[in-house]
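Residue numbers (numbering that gives the first Met the number 0), protein chains in the order written: chain X, 0 to 223; chain Z, 0 to 223; chain L, 0 to 223; chain Y, 0 to 223.
Bear in mind the hints are in silico, worked out from the structure with no lab data behind them.
A portion of the hints provided could be inaccurate.
Once the Cα atoms are required to be at most 25 Å apart in a straight line, the calculated DSS-like pairs of lysine-lysine come out as [unchecked claim]:
(1) K118(Y) <-> K115(L)
(2) K193(X) <-> K219(X)
(3) K130(X) <-> K193(Y)
(4) K179(X) <-> K130(Z)
(5) K179(Y) <-> K118(Y)
(6) K130(X) <-> K118(X)
Here are a few chain X residues that face chain Y, going by a calculated C-beta distance under 8 Å [to be verified]:
(7) R26
(8) L78
(9) D112
Simulated restraints on C-beta separations [said to hold, decoys possible]:
(10) F222(L) <-> N121(Z): 47 to 57 Å
(11) K133(X) <-> N206(L): 30 to 40 Å
(12) K40(Z) <-> D83(L): 34 to 44 Å
C-beta atoms are modelled at their ideal positions from N, C-alpha and C, and glycine is treated no differently.
Protein chains: 4
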Amino acid sequence: MIKKNWWLLLAAACLLTAFAPLQKKQRIVFFGDSITEAGVKPTGFITLLTNMLQQKGIGNNYELVGAGIGGNKVYDLYLRMDDDVLAKNPDIVVIWVGVNDVWHKRSFGTGTDADKFEKFYNAIIKKLQAKNIKVLLCTPAAIGERTDFSNELDGDLNKYSGIIRNIAANNHCQLIDLRKMTLDYNLANNTSNKESGILTTDRVHLNETGNKMVAEAMMKALFP
Amino acid sequence: MIKKNWWLLLAAACLLTAFAPLQKKQRIVFFGDSITEAGVKPTGFITLLTNMLQQKGIGNNYELVGAGIGGNKVYDLYLRMDDDVLAKNPDIVVIWVGVNDVWHKRSFGTGTDADKFEKFYNAIIKKLQAKNIKVLLCTPAAIGERTDFSNELDGDLNKYSGIIRNIAANNHCQLIDLRKMTLDYNLANNTSNKESGILTTDRVHLNETGNKMVAEAMMKALFP
Amino acid sequence: MIKKNWWLLLAAACLLTAFAPLQKKQRIVFFGDSITEAGVKPTGFITLLTNMLQQKGIGNNYELVGAGIGGNKVYDLYLRMDDDVLAKNPDIVVIWVGVNDVWHKRSFGTGTDADKFEKFYNAIIKKLQAKNIKVLLCTPAAIGERTDFSNELDGDLNKYSGIIRNIAANNHCQLIDLRKMTLDYNLANNTSNKESGILTTDRVHLNETGNKMVAEAMMKALFP
Amino acid sequence: MIKKNWWLLLAAACLLTAFAPLQKKQRIVFFGDSITEAGVKPTGFITLLTNMLQQKGIGNNYELVGAGIGGNKVYDLYLRMDDDVLAKNPDIVVIWVGVNDVWHKRSFGTGTDADKFEKFYNAIIKKLQAKNIKVLLCTPAAIGERTDFSNELDGDLNKYSGIIRNIAANNHCQLIDLRKMTLDYNLANNTSNKESGILTTDRVHLNETGNKMVAEAMMKALFP
Numbered sequence: 000m001i002k003k004n005w006w007l008l009l010a011a012a013c014l015l016t017a018f019a020p021l022q023k024k025q026r027i028v029f030f031g032d033s034i035t036e037a038g039v040k041p042t043g044f045i046t047l048l049t050n051m052l053q054q055k056g057i058g059n060n061y062e063l064v065g066a067g068i069g070g071n072k073v074y075d076l077y078l079r080m081d082d083d084v085l086a087k088n089p090d091i092v093v094i095w096v097g098v099n100d101v102w103h104k105r106s107f108g109t110g111t112d113a114d115k116f117e118k119f120y121n122a123i124i125k126k127l128q129a130k131n132i133k134v135l136l137c138t139p140a141a142i143g144e145r146t147d148f149s150n151e152l153d154g155d156l157n158k159y160s161g162i163i164r165n166i167a168a169n170n171h172c173q174l175i176d177l178r179k180m181t182l183d184y185n186l187a188n189n190t191s192n193k194e195s196g197i198l199t200t201d202r203v204h205l206n207e208t209g210n211k212m213v214a215e216a217m218m219k220a221l222f223p
Numbered sequence: 000m001i002k003k004n005w006w007l008l009l010a011a012a013c014l015l016t017a018f019a020p021l022q023k024k025q026r027i028v029f030f031g032d033s034i035t036e037a038g039v040k041p042t043g044f045i046t047l048l049t050n051m052l053q054q055k056g057i058g059n060n061y062e063l064v065g066a067g068i069g070g071n072k073v074y075d076l077y078l079r080m081d082d083d084v085l086a087k088n089p090d091i092v093v094i095w096v097g098v099n100d101v102w103h104k105r106s107f108g109t110g111t112d113a114d115k116f117e118k119f120y121n122a123i124i125k126k127l128q129a130k131n132i133k134v135l136l137c138t139p140a141a142i143g144e145r146t147d148f149s150n151e152l153d154g155d156l157n158k159y160s161g162i163i164r165n166i167a168a169n170n171h172c173q174l175i176d177l178r179k180m181t182l183d184y185n186l187a188n189n190t191s192n193k194e195s196g197i198l199t200t201d202r203v204h205l206n207e208t209g210n211k212m213v214a215e216a217m218m219k220a221l222f223p
Numbered sequence: 000m001i002k003k004n005w006w007l008l009l010a011a012a013c014l015l016t017a018f019a020p021l022q023k024k025q026r027i028v029f030f031g032d033s034i035t036e037a038g039v040k041p042t043g044f045i046t047l048l049t050n051m052l053q054q055k056g057i058g059n060n061y062e063l064v065g066a067g068i069g070g071n072k073v074y075d076l077y078l079r080m081d082d083d084v085l086a087k088n089p090d091i092v093v094i095w096v097g098v099n100d101v102w103h104k105r106s107f108g109t110g111t112d113a114d115k116f117e118k119f120y121n122a123i124i125k126k127l128q129a130k131n132i133k134v135l136l137c138t139p140a141a142i143g144e145r146t147d148f149s150n151e152l153d154g155d156l157n158k159y160s161g162i163i164r165n166i167a168a169n170n171h172c173q174l175i176d177l178r179k180m181t182l183d184y185n186l187a188n189n190t191s192n193k194e195s196g197i198l199t200t201d202r203v204h205l206n207e208t209g210n211k212m213v214a215e216a217m218m219k220a221l222f223p
Numbered sequence: 000m001i002k003k004n005w006w007l008l009l010a011a012a013c014l015l016t017a018f019a020p021l022q023k024k025q026r027i028v029f030f031g032d033s034i035t036e037a038g039v040k041p042t043g044f045i046t047l048l049t050n051m052l053q054q055k056g057i058g059n060n061y062e063l064v065g066a067g068i069g070g071n072k073v074y075d076l077y078l079r080m081d082d083d084v085l086a087k088n089p090d091i092v093v094i095w096v097g098v099n100d101v102w103h104k105r106s107f108g109t110g111t112d113a114d115k116f117e118k119f120y121n122a123i124i125k126k127l128q129a130k131n132i133k134v135l136l137c138t139p140a141a142i143g144e145r146t147d148f149s150n151e152l153d154g155d156l157n158k159y160s161g162i163i164r165n166i167a168a169n170n171h172c173q174l175i176d177l178r179k180m181t182l183d184y185n186l187a188n189n190t191s192n193k194e195s196g197i198l199t200t201d202r203v204h205l206n207e208t209g210n211k212m213v214a215e216a217m218m219k220a221l222f223p
């Protein structure tokens, strides 16, 4: 009897193992700059997303991985995508880049030309899609939250956001238009024309409200 | 008889002298950069203003003088205001500056800090008002005419326009808000989001339509 | 007898008063940026100069006045020269400016064009010389102390130093060539190619050795 | 007898064919920016090199290929190296890049940070050396030829040249120190401190003398 049971258990184990691949966790990599790097902190948007998935009872189906590095521009992502993204064998990649490409023009003289921004962005998508990885694109949220159109870099940030929107359309990628959401949110809520403190702590990096807004936007895009 | 005539002549002379000040031409100096420098060309806004005054039959009452020099920023105006404005003994000065203060940040690394822009602007007004000269201020019209908020320098141009609006209010100067007019005109007429060609030839300098718009705006402000 | 003495005292007092103008202190104003602003600190070069004059026993003949303001470029000096220099009625003015005109090109996009640097500098000298004030010019010492010619802004700093040397020659002003002294001192002493710490604390502002070098150079120039 | 000879000839032919791979042309790719792009013009340094090899009678042993594209910075080389270099299966690659990485900081605000310059440069070398390709590195020659150390970007150009020298040493790559050669040549020949016209036409791109100097330097490095 004992022996028989032992065989039954073994059979059951084999069956479980056999079906395990069907239940393999989907891996979602968040690929970006310091904003994404901070996303895995306790109150960061990636952590919030993980919690949301747990509450929905689907937390075990997904693995969310942060791959953000401070100061990264689009070509930095391209350089490290083999090691930091492809090596992780993701099912989905959420790209969020652009702030430094614009910002560093003024602060260090080392921003990214618009045409090269587009070229490197397309090269990243091409490599990901060649591996059948689903790619979602985000527009850069903000460099300054003033609502009277006087944030110094808004013009360029809008231009690069437009480039990303076109890239998304051309490559059939889902778009998470954080730029538009940020502008709309500020127009509605930043009535005293503050430079920061509405969605960001410092004009660029997300505060608690910002992390919530981004997490919800990504939730909607990833799990509609 | 001779004596009587003599008295009559004297009386006439006195009358003429008495009324002469009333007929003295008012001198209006337009003080600015290359846009103002081009204003005295055959189709420039200063020439158009002169023609408008002729048509109104008050052309002989006013002398319009261009004092624009290409590449000028606010501190360049301050440096040459004694020679180029005060020496001309104007009744009215129309100041139009700001494009290069913003533009040269990016193109040459030699723009003007916002706080110094304000400081020099106030110093110019103080010197003019000390001589009882009426001062009108213009906001900078445009660096790029795109209507999707993607002109690279719009944020900064709006910021400096805001500074000028405050300076006008604080110094009780009339404001000719060319920035607002340009934005409104483009939103209404630049439906294909062109970079130039609506009011400017090259994103900055006025085309025929632009010169007309500016001339009419100045006409309204100067001769309401 | 008392009366007689009284008269003698009065006569002596008159004599002293009469000769007082001959003994009037010479006022030397140091006109510049943050480096000059720090010159009046306990270890600053202006304080060191004052001490040197005391030791030489001629301290009572001179009054050294600091007129440095952080972040100042040449046009800032021009703007405030009436209030901060001419109002003090100086006999001698030592101008030391140029670092920010070069540096701010990169850091803020608000440096000073070379041709305008020259124009404003000449305007300052003209105003000072018109009041018979003796003017001494200094070249900007350093933005970085590396000796392998790899300080990012050295090329431009050398260019602006050259402009100042020409201005000095053209206006018959004495030159204190701090740029050359700094380069020579570093070539001799900065054998490990340090970025700062030889004559500066932070690539720009003087450390103790730097303040001494500058004080001695000025001593030699002002009291040869 | 005739038959025998025929067999001998055949044997000889077979032997020749067998050794043919030993005589395969060596392919040398010149990988760079607009300066390299112009190198294949009739008077360009790559053309001159080809002629030199012909004169030496070894022209048939080598194939020289230009792979320069105007405006390229180090990360542009990295992006296109698969298509433009590796696909050509080269034996030797001569990398010459750096001018735009420095220059574009000032002209467009889109230069390359020093640390990223190094990172991308190393990534290129790693990929080439992994394919057993011999790599030679050049330092950037000039942005301005003045000899009084007043070329605006010399400091940064020297810094990036220093980075390349270190990369060459660390990766056991041969170095063609065009920066040093250019400085030395100008110090000897540019006695009137001209901005261009000695080795360049426009401060950056090679004139006839410049192309000759570079061709000779490369000849010496490639075929010592």
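Verification of the hints:
1. Restraint check for K118(Y) and K115(L): not satisfied, since their Cα atoms lie roughly 39 Å apart, outside the 25 Å limit.
2. At most 25 Å may separate the alpha-carbon atoms for a hinted pair to count; K193(X) and K219(X) exceed this at roughly 28 Å.
3. Distance restraint check for K130(X) and K193(Y): the Cα-Cα separation of roughly 55 Å exceeds the 25 Å cut-off, and the hinted pair is therefore not satisfied.
4. Of the pairs offered as hints, the one joining K179(X) and K130(Z) is violated, with about 50 Å between alpha carbons and a cut-off of 25 Å exceeded.
5. At roughly 23 Å between alpha-carbon atoms, K179(Y) and K118(Y) fall within 25 Å of each other, so this suggested pair holds.
6. About 19 Å separates the Cα atoms of K130(X) and K118(X), which keeps this hinted pair within 25 Å; it holds.
7. Because the smallest distance between the Cβ of R26(X) and any Cβ of chain Y comes to about 25 Å, over 8 Å, the interface hint for this residue is violated.
8. Because the closest C-beta pair between L78(X) and chain Y is about 6 Å apart, less than 8 Å, the hint holds.
9. For D112(X), the suggested interface contact is upheld, since its CB lies about 5 Å from the closest CB of chain Y, less than 8 Å.
10. Range check, F222(L) to N121(Z): Cβ separation about 40 Å, and the 47 to 57 Å hint is violated.
11. Look at K133(X) against N206(L): about 57 Å separates their beta carbons, and that is not inside 30 to 40 Å.
12. Taken as a hint, the range 34 to 44 Å holds for the pair K40(Z) and D83(L), whose Cβ atoms sit roughly 41 Å apart.
Hint violations for this structure: numbers 1, 2, 3, 4, 7, 10 and 11, all remaining hints satisfied.
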